[in-house]
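Trainee: For the protein sequence lines, the chains are A and B, in the order given. Take 50 as the starting number for the first sequence in my numbering and just add one per residue. Take 4 as the starting number for the second sequence in my numbering and just add one per residue.
Calculated from the structure, these hints are not laboratory results. Fair warning: there could be bad hints in the mix.
From the structure, some residues in chain B lie toward chain A, with a derived Cβ separation under 10 Å [what the hints assert, rightly or not]: (1) G275; (2) G363; (3) I364; (4) G370; (5) T371; (6) Q375; (7) A379; (8) G383; (9) H384; (10) V396.
Glycine is no exception: its CB is placed at the ideal position from the N, C-alpha and C atoms.
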Amino acid sequence: MPDLRGLYQDVILDHSRRPRNFRVIEAADRRADGYNPLCGDKVTIYLRLDGDRISDVSFRGSGCAISTSSASILTEIVKGKTRAEADALFGRFHDLVTGKAAPEGSDLGKLEVFGGVSEFPARVKCATLAWHTLKSALEGGGTVSTEGEDDEDVAAR
Amino acid sequence: MATAATTTDWTSDTPSSNPAAFDVRRVREDFPILHQTVHGKPLVYLDNAATSQKPLAVIDAERDFYLRDNSNIHRGVHALSERATKAYEEVRVKVQRWLNAREPREIVFVRGTTEAINLVASSFGRRNIQAGDEILISAMEHHSNIVPWQILCEEKGARLRVAPISDRGELIFEEYERLLGPRTKLVATVHVSNVLGTINPVREIVAAAHRRGIPVLLDGAQAVPHLKVDVQQIDCDFYALSSHKIFGPTGVGVLYGKAEWLERMPPYQGGGDMIRSVTFEKTLYNAIPYKFEAGTPNIAATIGLGAAIDYVHRLGFDVLAAYERQLLAYATEQLSQIPGLRMIGTAKDKAGVISFVLEGIHAHDVGTILDQEGIAIRTGHHCAQPLMERFGVPATARASLAFYNTREEVDALVTGIGKVVELLG
């Protein structure tokens, strides 16, 4: 039986109640909007880039505890990372929340609290929305939807 | 007695409209799916507005059709085809009597409410809507009663107008009347809101439109499970509904249309069964309703719909409605006592749909935690995004009742919400 406490860990609840970097970066170099039309979750990611490196990152939006905390922790984790590092992190995070990799030894640090999501397939999209949006922002910006054609999370719905 | 009858006396009234006479435990025996555990807890199914569960009588009717009568309809001269055709057409008569339509030919079988509305948008719209015309809907429509009209308006250069609703979730009637103008060519509105549970004053809506010569389509998907619908009394021009919301199978629905409209409307889809004769030069269309029923329909599901109508009438529509009203009152009272819970939709006249939000907690999280308690509700925008915007919420949690739900299940919901608040509040 899936464990609710495993899904709603204290770190997740803390970030959903008091999201970090929850602000607009007025002078953002990049921004992208993410949207999950199935549940109405919305997130906007703002980036400042220093060459290939993320020098500042923030978000705004509304969503459930999982999507809000995921966006919040994302902003803490990717600050200072290069684009390639952020991409690689997303890949490993994706494997974690879809159950392809175990939290132990994933070397994901704080992101490991999302390991419980893999037991709740309907919630995978909540955890990955901010990451898809970050990816879009790094690629130049625009709008992403979890219902896009090339969405690899569709099967996880 | 909670079993299906093969024939139903449509003229006699129901045995009793005293809800005390209604034995919910016995009725639940007719729904095998209800007797299971989910995540180790007894299933509490409160997602009836999404789809209702099916009684054995319906499941058996579909199965029996495939076991004994399966054949295509309106085509063969052989015994099976005649039996299948007869059974299929009998359901049309059942629907006609159930809705109190004048004639069986006013009953068109479609895939569901969505297709019924698309049929009218496509067929009626093609013939009757021109550039500059207006179609009037309400602010509480399901996407299926918004998007087909948007597509039509875009094609024709027509304009979609929206009648506003109050904070309680009731149509503001004066505003609605004010929007009925010389350019209005059709009113399309919902009978019972799938999000708010509001029962719209459809007789008054229709009368106001008819005074100005404007036809009215009603989306009855959420009304038919809760209300006795009489299309002649309402006097609507079109009425759309789905079988699966009234304890019948998915994949079949009904468009009721007044014969004088259906006669004048062009076909919806072309194909077999909708024609009288075909040459490469010219095709003559079949009479109504067949003109609108191209291709082989979902015959077994239609037979199942007939069984569902029989089942509901056997239990007694008034008895079911009275029981459900009591259950809704109980649920409303219990839920209103939860601190931080805000109900979305507090109309005076309501059916068994309760939408709510919890302060500081997203509906999605509510749904996940309740699911762990074996409680099935719907969370999200309920295919009514403009309505979510109207109430300033991204999503709601929605519990929707059927006559097989119990007070104990409402209590389980209240306890479950307590756990949500404990965990996330």
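Trainee: Compare the structure with each hint and give your call.
Mentor: A quick look at each hint next to the structure:
1. At about 34 Å, the closest approach between the beta carbon of B:G275 and any beta carbon in chain A exceeds 10 Å, and the interface hint on this residue is violated.
2. For the restraint placing B:G363 at the interface with chain A, the shortest Cβ-Cβ distance is roughly 8 Å, inside the 10 Å limit, so the hint holds.
3. Because the beta carbon of B:I364 sits about 8 Å from the nearest beta carbon in chain A, less than 10 Å, this interface hint is met.
4. Taken as an interface hint, B:G370 checks out: its beta carbon lies about 8 Å from the nearest beta carbon of chain A, inside 10 Å.
5. With 10 Å as the threshold, the beta carbon of B:T371 comes within range of chain A, its nearest partner Cβ sitting at about 6 Å, so the hint holds.
6. The closest approach between the C-beta of B:Q375 and any C-beta of chain A is roughly 5 Å, which is under the 10 Å cut-off, so the hint is satisfied.
7. With 10 Å as the threshold, the beta carbon of B:A379 stays out of range of chain A, its nearest partner Cβ sitting at about 12 Å, so the hint is violated.
8. About 5 Å separates the beta-carbon of B:G383 from the nearest beta-carbon of chain A, less than 10 Å, and the hint is met.
9. At a threshold of 10 Å, the smallest CB-CB gap from B:H384 to chain A is about 5 Å, leaving the interface hint in force.
10. Using the Cβ-Cβ criterion of 10 Å, the hint placing B:V396 at the interface with chain A is satisfied: the shortest such distance is roughly 9 Å.
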